[in-house]
Amino acid sequence: MDGRDPFAVELEQFQGPLDLLLHLIRTQGIDIFDIPIARITEQFLRAVERLPPSALDRAGEFLEMAATLVRIKAQMLFPRPTPPDEEAGVDPRTALVERLVAYARIQAAARALADRHDAWAQRWPRGWREPRPRRAPPPVVATWAEVVAAAAKLVARRRPPLTYRPSARPVSVRARLRALWRALQRRPRWRFERLARHPHERRWVIATFLACLELAKRGRVRLRQLVPFGPLWVLRRRAPAPVVDHGPQPEDRSSFVREP
Amino acid sequence: MDLSRKIEAALFASLEPLTLADLARLEDGATEADVAAALAALRAEYATTGRAVDIVEVAGGVQLRTRPEFAPVLARLDTVPEPGRLSAAALETLAVIAYHQPISRAQIEAIRGVGCGAVLRTLLDRELITVVGRGDGVGRPSLYGTTTRFLEHFGFRSLDDLPPLEGFDAWASGDGGA
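Protein chains in written order, with the working numbering: chain A, 1 to 260; chain B, 1 to 178.
Heads up, none of these hints are tricks.
Taking CB as the label site, the calculated pair distances span:
1) B/Pro-163 <-> A/Leu-77: 37 to 43 Å
2) B/Arg-134 <-> A/Trp-233: 30 to 36 Å
3) A/Ala-59 <-> B/Ala-10: 53 to 59 Å
4) B/Pro-164 <-> A/Gln-75: 31 to 37 Å
5) B/Ala-110 <-> A/Asp-118: 27 to 33 Å
6) B/Val-131 <-> A/Gln-13: 30 to 36 Å
7) B/Pro-163 <-> A/Leu-45: 34 to 40 Å
The calculated lysine to any residue pairs, modelled on SDA-like cross-linking and capped at a C-alpha distance of 25 Å, are:
8) A/Lys-153 <-> A/Ile-206
9) A/Lys-73 <-> B/Gly-113
10) A/Lys-217 <-> A/Arg-174
11) A/Lys-73 <-> B/Ala-110
12) B/Lys-6 <-> A/Arg-126
Worth flagging that the hints you see were computed from the coordinates, not collected in a lab. All C-beta atoms, glycine included, are put in the ideal place defined by N, C-alpha and C.
Hey, can you work out the whole structure from these sequences and the hints?
As structure tokens, this is what we get:
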């Protein structure tokens, strides 16, 4: 890379990839409707290469555009055979040009707004006060140890891996409901995972969860989760009568959970 | 009491622009035409007596504002609020919203080609934009639109005052290029 590149630019001064493209086009007096894609792509990539590693956030936006440019360049070198139902000879640059024009208009509109702002900022209304910024939500504070511990927990939870069985044996929510109630008669407090029977099979988890919700709706249990992402507790409420099975009901027809 | 004087008092006391309908409530039986006539009289009076304030039409109503030539004088005082500046990114985002409202964050980002989360937060905090609805897409995204404060801030009477987007020459470069 020679140090005297006339189009060397600092990406920091640009709003984004579209702004950079417009800059390259304007400063070289290029006709927007006939962009020399190869040249512009090369200049664009050279600018992106100079992005400091700390600018990863912004790099993504620029890299996405770089990919678009490279694709257009390839399409112009090797035009695809035109499908019969498509209009012949659609310029691969068209979509990008339309975006650039729309963006350039917005930039002009933003400048017009800035001018109006400057003019009207000279004229004070009565005692108007800039609204105070609302307090930002507190940042998540965590030590590395906590992050690592959370990650370890996540890894542990994934083992054994979720088994996938193509058999479509459905799990009945109602059967789960009865099983749950029996379990709650034996002991009033359960961790949800212990109730799910096959806690690594999605349909069992879902059916058991739906059964828990149903019991909670009927006022038989309380569901508690003391900390976010912590264990879910199913607690039996002091209820006089056991769950009465009303037999099949119309809405029960769908209360089987199958593997998706 | 003259209707003009009542209007003057109301304009002085109000923090928001007042509509003709608002001002008509100051006097029993006053019509909006009466208000308009009284406002015209007040304006003429301010002009002939060389007052430092003027009545301007903004955000669908009228408001008292200092004349622009007093800006350097007012800047000497700390108690006069300094007009907040907006970054280039904020102005650009605001322009997208003003012309394309209601619009979702994803749509704004597609037009600008960059993420807009922090900028949207700033504009919301400054009450220049607000959530005006929910889109149909996945997750029912928030749709943003401009506020009355936006009109007031930029001195627009209504959104119809926005210069048409098509009227901007896309090639008039901001950095003096073309």
